[in-house]
Amino acid sequence: MAGDPLVEVDGLVRYFDVSPPLLNRAVEGAGRRIVRAVDGVGFSIARGETFALVGESGCGKSTVARTIVGLHAPTAGAIRYRGTEIAGRSAGADVAALRQRMQMIFQDPYASLNPRWRVRDIVGEPIRHNSLLPDRASVAARVAELLVRVGLSPVDGEKYPHEFSGGQRQRISIARALAGEPEFVVCDEPTSALDVSVQAQILNLMKELQRALGLTYLFISHDLAVVYHISSRVAVMYLGRICELADTETLFGRPRHPYTRMLLDTIPDLEMGGRDREPVAGEVPSPINPPSGCAFHPRCPYADARCRTERPELKPAGGASVACHAVEEGRLG
Amino acid sequence: MSAPLLEVEDLRVEFPTRRGTLVAVDGVSFSIARGEVLGMVGESGAGKSLTGNAVIGLLEPPGRIAAGTVRLAGERIDGLPHEAIRRIRGRRIGAIFQDPLTSLNPLYTVGEQIVETVLTHLDVGARAARRRALELLGEVGIPAAAERIDHYPHQFSGGMRQRVVIALALCAEPELIIADEPTTALDVSIQAQIIRLLRRLSAERGASVLLITHDMGVIAETADRVAVMYAGRIAEIGPVRDVLKAPLHPYTRGLMDAIPAVGRDVDSLAQIDGAMPRLHEIPAGCAFHPRCPSAVAACGRDRPDLAPSGATEVACWLYRPEPAHGR
Amino acid sequence: MIALVIRRLLQSIVVMLAVALIGFTLFRYVGDPVAQMVGQETSLQERAELRERLGLNDAVAVQFGRYVGDIARGRFGISYAIDRPVADLIAERLPATLELSFVAALFALIAGIPMGVYTALHPTRLLTRVFLTISLIGISLPTFFIGILLILVFGVWLGLLPTFGRGAVVDLGLWTTGLLTASGWKSILMPAFTLGMFQLTLIMRLVRSEMLEVLRTDYIKFARARGLTDRAVNFGHALKNTLVPVITITGLQLGSIIAFAIITETVFQWPGMGLLFLQAIQFADIPVMASYLVLIALFFVVINLAVDILYHVVDPRLRIDRGVEAG
Amino acid sequence: MRTKLTLAALALALAATPADAKELRFAFQGDADSMDPYTLNETFTLGFLGNVYEGLIRRGPDLSIEPALAVRWQIVAPDRWRFHLRRGVKFHEGEDFTADDVLFSADRVRAKGSDLTTRLAGVKEIVKIDDHTVEFVTEAPNPILHVEWGSWGMMSKSWAEKHNAATPEAMADDQEKYTTRHANGTGPFRLVSREAGIKAVAVPNPHWWDNANKEHNLTKITFTPIASDATRVAALLSGQVDMAYPIPVQDIGRIDRNPGTRMLVGPELRTIFLGMDQFRDELLYSDVKGRNPFKDRRVREAVYRAIDIEAIRRKVMRDLSNPSAMMVGPGINGFSADFKRLSHDPEWAKELLAAAGYGKGFEVGMDCPNDRYVNDEAICQAVVSMLARIGIRVKLNAQPKAKFFPKILAPRVDTSFHLLGWTPGSFDSWNPLYNLHGCPRLGGAGPIWPEGARDRISQGKVNLGGYCNPKVDALAARILSETDKAERDRLIKEAWSMTISDIAYIPLHQQALAWGVREGVTVAQRPDNQFAWRHVRVK
Amino acid sequence: MTAIARLRRTIARVRDHDLWHDFTASRITVAAAAVTLAIVLAALFAPWITPQNPFDPAELDLLDAFTPPVWAEGGDWRFVLGTDDQGRDLYSAMLHGARISLLVGFASVLLAAAIGVTLGLVAGYSGGAVDATIMRIADIQISFPAILIALLIDGVARGVLPRDRHDELALYVLVFAIGASGWVQFARTVRGSTLVEKNREYVQAARVIGVRPAAIVLRHVLPNAMGPVLVIATIGLAVAILTEATLSFLGVGVPPTQPSLGTLIDIGQDFLFSGEWWIVVFPGVLLAALILAVNLLGDWLRDAFNPKLRKGVAR
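Line order of the protein sequences matches chains A, B, C, D and E. Each number in our numbering corresponds to the 1-based position in the first sequence with 517 added. Each number in our numbering corresponds to the 1-based position in the second sequence with 4 added. Each number in our numbering corresponds to the 1-based position in the third sequence with 169 added. Each number in our numbering corresponds to the 1-based position in the fourth sequence with 721 added. Each number in our numbering corresponds to the 1-based position in the fifth sequence with 7 added.
Please keep in mind that the hints were generated in silico from the structure rather than gathered at the bench. None of the values given here were measured: they were computed from a predicted structure. All C-beta atoms in this analysis are idealised placements derived from N, C-alpha and C, irrespective of residue type, glycine included. The hints are all genuine.
Calculated from the model, a selection of chain A residues having no Cβ within reach of chain C, i.e. all distances over 12 Å:
no., residue
1, GLY559
2, GLU566
3, TYR627
4, GLY731
5, LEU787
Incomplete in silico selection of chain D near chain C, CB under 7 Å:
no., residue
6, GLU897
7, THR901
8, GLU916
9, ILE919
10, ILE947
11, THR952
12, ALA955
13, ALA956
14, LEU958
15, SER959
16, GLN961
Here are the simulated SDA-like pairs of lysine to any residue, each with C-alpha atoms no more than 25 Å apart in a straight line:
no., chain 1, residue 1, chain 2, residue 2
17, D, LYS1010, D, PHE1083
18, D, LYS833, D, VAL848
19, D, LYS920, C, ALA337
20, C, LYS355, D, GLY981
21, D, LYS1122, E, GLU175
Isolated chain A (complex conformation):
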C-alpha cells in the first residue's frame, strides 16, 4: 500500500425511505419501511491503488460508489477526499474543485451516453463544463487525443453513440471520464454488460491507463474473477455492510468470513476439476428488514446465538479485517 489515503469513507450510512404513504401506515398499522442500503461502511483508498467492492445485487456496493461521487447524499458518515470532507453538511466550498478530480464509469454502455449527442460533445462535456481549456479548437484537439487514447479514431467524434458497439461505447465512457483530468475514477460494474472478449479489452485498457496516468480506482463488481484480476484490495459487502476487507491475495487465498467463502465457492471451475460443490441455501434477505445481529446468520452454517443478536464489527484478523463472531472467537478460520 503506497502513499497516503486519497479517499476515506467513515461510518457511511445511506437509507432510502420507501414507506407507504402516511395514511396507509395509519390505517393498516404498517410501520415505516426503510431500505438500509448502506449501513455503516468504512474504508480508505490509497493513491494509485485499485480498491474493489464486491457483493451480490442489493448489497449496497453501488450505493457506496454513488454516494462517494455525490449522486446520493449520505444519511450519516463522512467521506473525505484528500482529507477534505466532501459530502453532507460539513462539506466546504472548495468541494466542486475536488469533485472534478473524481469521475465515474457506468455499467450500461447503452444508457451511459446521451443518444442525442455526438461523441465529441459527450467527451468534451467535462472539459467545457469545468472550463479546462480556453477555446473550441483546443477542446476539439483534446477530444481527439482522448479518443485515440482509448483506442478509437478522432473521426469517431462526429458519430452518434448508436453507431458503436458496446465495447466501443465503454471506451467513449472512459474517454469522457478522462476528459475531466481525474485522479480518482469510480467504476460501477464497468464490464458486466459486456461480452467476455470485450471485457478483456476494457480491463486491459483500464489497467494501462492506470499505469500511464497514475489513476486510483474504486472498482464495483459482482464478478470475483474480474475483481481478482484488477484490484489490489477487496472489500466484500453483504446487506449494506462490509463483512471482510483484505488484500486481494489474502482474501482469495484465505477467505475468512463464511460469506466470502460461499462466494468464492460459486466461482465456476473452468478447469473442470470435477469438484461437486454444495451451493449455499437460501437467498439474500430484504434490506428493508435485515436479520438481527449478523445479517448473514440465517444462511450461515456456523451461526450461533450471539450471531443472531449481536452485530459483529469489522476487526483485524490475520492480515484482513473480518466482521464475524466465529472468526473472532476462533471457531472458524
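Dock chains B, C, D and E against chain A, hints included.
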C-alpha cells in the same frame, strides 16, 4: 447409442430488412441425445437464442427459418402447422427464458398458471392438475408449496420465480428442455442453486437439455457437450471437457484466455481485438478471420465447414487441408 | 384497500373543493350576480338591499363557505335565465344525459373492445384495415358534422329515425327514462352513435395498442412456449392484461362522454344537462354553469374512485401487500 | 282493384287513428321562459301564455280588438274608462272571475318584478264599481289605453295568494316561484305540465266561456323548444311536429316543396332598423376622436345611401322582406305609402362623407344580435360590407340577445351603432314615436341619457341613439291625448315626416313571418307573430 | 467543410435514417404528408393565391351570395367553388379560414407544449411535493375534456374582456383556451420520459461532472423526451383544429367576419337543407382532410418513435 432426440440440420434463420436479408443463423447443425445436456455458448448476437426459438417455432416475425430441418425423435417439426407445433410446445419441449421477472403473467397465481398448462397438455381433471402443481412446486424446492401455490408471481423472489418457471416448463414431462440464459438475471449464489436444480430434474426425468448461455462457467458446471457459436455459425462443438480444456478454434481459444480466473495472475488478459460483426457486415469466408491471429489466405475466401478433430468438430481451416482452388 | 379508498376520498374532497372554488369564483366575480337577477328597472337601493340579503357583502371566505355548504346540501341557487332552482333543473335533465352517456358508452365499449382486440390479433387482415380506417375517420370527422349528416340521411331523407328529443319517456318518479319505449330507443340511436363514435375510436385504438404491447411481453411468449392454445393466450392472458390499463383510461373517457354530450345534445336537441349548460353559457347563467362544473367534477370523482377500486380488484400486484421482496 | 281499395281504406283508417287524438305538436326556437304571465315582456312568452290566460280584451287573427273577459267598455270621462266584466267565467282551477281579480291583477302587474308595468302606464286609480264592473282612471286622456291589454292576462287572486305568488318577483332564496311552472287562467287551454327548455303540454279547457264558438278541434298541445334551426326544420320535415316557427328563410323553399308540409309566410309588424349615436360628443369604439360623425346628418344620409336594401332583400332575406321607408309597416296605424326610401347610391354617399369631412372614412363599432331577428347577423355583416365600400370601417360585435340587450339598453346604452327591431305592441304610431324617437331625458330639459339616471328614463326609453327633436316630442304628446281620429292621423304623419327627414334612424325592412305547418293543419298567422291555438284545426 | 458539403452530408444522413425509410415505405403517410404540406402552404400563401380577401368587407358583394360552384348551373368562373351567404368566394374563404384554423392549431399546440413540457420536466426532475402537486392538477384537468375547459375559458373571457376588443382578442382567447386545456398530455409524457431519463446513467454522468440540474434538464433530458412530444404535438394539432372548429360551431369561436373552417361549417350548416350544400361541404371536406392527414402523420410518428414496435435484430 440410441438415435438422437433432437437433430438440427443446416438451420438457417433470416430476417428480411430494408437493408437486405440478414442471416442470423447460418448452417447450424447439431444433435442432442436423450438425457444429454448440450450447452450452446456465444457472445451476444451470436444467434444462440434464435436457434433455440427456431427449434420450438417461436421466431418472432419477420424472422423465419429459411432452410434446414429440425427433427424431434426423428420426426420433422419445422414447418409444422400452427396447431401441431403448439401441441409439441410445453408437452414435448419445455422452455425456460432468461428473465423470471417477466416470464410469468402477473395477473394469475402461480398455481393457476401451472394448472392451466397441465390441463392443456395432459388428460387429467382439475383436482389432479392441482395436485400435480403442488408436487411440482415441492420438487423445484418451493417451501410451503401448499400455501405458495395461491400466491401471485410478484410475491416471489427472483430465484423462487425461476423455480416456478422451471416447474412450468416441466409440468407436462417434456423430453427436451430449452433453457435460454436461465441464470443470467440471478445472483451468483442463486445461480448455483438453479443450475443444480435443472441438472437434477432433467437427469431424474431423462430429459435432454439445450442450455443456451454466454457464461462459460455455467457450461462448465452443467453441460455434457458444448457448441460454441460465432456470428450465427457453430465454430466448434464437442465434449465440454475437451472444448474447455483444449479449445481448437482460435475463437474458442481467445475466449477462454480472455476470461479472468481466480488464481491466474496475469498482468493483462489475452484479448481478441475488435468486436463480433453486425449481421449486415459478416465477412466472407470464415466470419472470424478479421480478428483471427492465425488466419490464412483461405480464411477470407472460403467458409470452413465443421469437421471432426478428435472428439470435437471444428470449423476452421487450421485443421483442414486448404481448399483446392485458390490463386 | 381501505387506505386507498380513504385517500381517494380525501383527494376527491380536495378536488371538489377546488372545483367549487372555481364555481364560486365564476358565480361571484364573472358579471355582477345582482345585475343578473334583477330587471332593468330595479333601483340602486333595491340592488343594495338584494346584495345585502344575498350576503354578497360578507367576507369572501364566509361566502365561499356558505357556497360549499349550500352545494353539499344540494342547493345550487336559482337559475338567472329560467328562474328555477338549479338543483331541480339538473334533476330534470340528469336522466336524459346519463341515459345518453350510458348507451353511448356501452356502444363504444361493446364495439370498441372487440374491434381493438381483432385489429391487434390480426394486424394484416382486410377487416383490420377497415376498422382502422373507420377509427381514423372517427377521430377526424367533427362530432357535430357526423350528427348533421346522420340527421340528413336517417331523419330527413330516409325518415327512419327521429331527429330530435328523447321520444316518449316514462316517469318513474325520481327518474324519467326513454329506454322503456320504442320511440325512446329510436330517438337515442343517432345521438348515442354520434356521441359514442369518438369514444369507440379511442377505446379501439387504446385496446389495440395496449394489446400489441402485451403480446410482445415475455409472459405471452412464455405462455406460447408452454403450448397453451391461441384462445388461452390471446384471451386468457393477453386480453386480461390489456384490460388493466384500459380500465383506467376508459373510466376517464366515460367521464368525458358526459361532457362531450354538450355537442351531441345541441345537435339533436337532447334535453340533457349539456344543452342546459350551453344555454347557460349563452345566457351568462352563472349558477347553472357553476353547478354543471361541480356536477361534472362529482362524476369524475365517483368514476375515478370506482376505477381505482376496480383496478385493485383486477391487478393482484396492487391488491396484495408484497409478501416477499423481489430479489 | 278490390284489394287496393281495401288497402286504401285500411291506410286511411290507420292514418285516421292517431288523428282522433287531434294533438298539436309545435316547435319554436326558444322556450316560454316562465309561466308567470308578468315576468317577461317577450313576444313568444306572452303569446304562449295568451292561450292560457286571457285579458279583458283579446286580438283576433287580423289583430282586431275583441271583447274577452270584458264584454264591453266605454269611456265615461276623458280620463275614465269603464269595463263590464263577463259573468260566469271560471278559472281553470274553479275560481270565479270577478272584479277583485282584475284589481289584484292590476296591482300585481305593477308590482316589483313585473316586466309589464307599461300596460298600466299613466293609470292613476282603479275603482271597483261592483263585482263585474271596474273603472280605470288615467292621469291624462288616453285614447289607446286598452290596446295592449290583449297580453295582460287576468290572474286569480285567491289562487295566487294561496300559492304565495302575490307578486311576480323572483325569490331570492333557494325556492322556486310557484308560477314559474304553474298557470291558472281563464283561457281556452289549460297548462298540464312544463319542463323548462324541454317541453310543455296543454289541453283544452272544457269550461271555457267561448266553447260554443270554438274554432279548434284540439285535444292536446305539446310544445317543444328547438333552438337549432336545422333540427327544427328537420323535425317538421320528418313529421315529428305539426308546426314549427320561425323557419329560416333559406329553408322555406324546401318546406314548400316537401309534399307533407307547407309554409305560411306573411308580413310581420316588426320593423328592423339601424340606430346611430347622435348624442355623445365622441363616438364609442371609433378612431374619430373628439367628434361624433353621426351628429352630422350628411353622414347618416351617407350610411343610408350606402345600404343596398334590395341586395339584402334578395340575398339575405330571400325576397321575404318588405323594404321600408318608415319605422312602422303596413298594419300599424300611421303607416303611409307616401314616404319613399332614399336611393341606394354609394358614390353619392362617398361625396356626402367627404363633404362632412370624412373623405377617408372612419371606424365605428356595431352591435348586433345573432339570435333575435330573421338573419340578424347576416344583415349586419352585409351592412358592414356595404359600408366598407364607402370607407366606413365597421367592427361588428354580434352576440346572443341575452348579452346584446343588456349591453345596448338602458342603463348602459353602450352602443354607437346598432341593429334593432321594434313592434309597436299597441299597433299604433304613438308607441314608436314615444319609445324610439322621444328625447331620452328626465323632465323637459337636461342632458340626454343622463349618467346615473338612465334607468329612470321613460320617454325615449329605447331611443339608444339619443335622437332629440323637441317638435317631435310635442307632437307625440298631442297624439297621445288627441281623441279625434283624423286630427290624430295628421299629427302622426307630421311627426313621421320630421323624423324621416332628420334620418333619426335608418329603417331597413319589415321581416316576414315564416311558419311551417304540416299538411292538414290550419292555423291563423297573426302579424304580431303570436300563435293562438284556438284557431288551429288538425286533420 | 463547406456549407454545401455539410448540407449534403445532412441530406445523406436523413436519407439513410430509419425514419426516412419508414416514411417513404408507407405510401399513405407520404400522401398524408403531401396533403398536410399542400394545405399548410396554400393557407400560408393564401393572400397571394386567392382572388379575394374574404376578411375585407369592402371586397364582398352581397349580390354574389349563394353562387354555386362553377360546374353547377348558375356558376361563375370568378367563384370556382361558389360563394357563401355574404358573397365570399368559398375558395378564398377556405384558404383564409384554414389559415386561421392552422394558426389557432399551431399556436395553441405551441402554448400547450410550452406549458406542458416545462411542467413535465419540473415535475419529473424535482419529484416530491412539486411533482405530486403538478400531477394532481393534471389529473383534475384531464377529467374535464378540452372542449369543456375551452368553453369555460371562453365564457369567462367574454364576461371579463371589454366587449369591443372581443373580436380582436377572440383568436388569443381561443389559443389560450385550447392551449391551456392541452398541456396535460405533454406534461404527463414529458414527466414520464424525464423519470426514465433522469435515472439513466448519462444523466448521472452529467451530475458527476457537476452540471447543474437546469442544464441537465434542458440539454440532456429534454432532447431525449422530444420524440413523444413531437407525436403528441402532431396529434394535438389535429385535436386543436377540431376543438377550434367545434367551438366555432357552438358559436363561441372566431367571429364570422373572419371565419375559420369551423365557422364556415357553422355558417354553412344553415344552408344544408336548402340545397346550398357547397357552403358546408367544401370547408367540411377540407377540415376533415386536414385533420385526417395530420392524424395519419401522428399515427405514423408514434409508431416510428416507439422502439418496441421497431423490428430488426441489428442494433
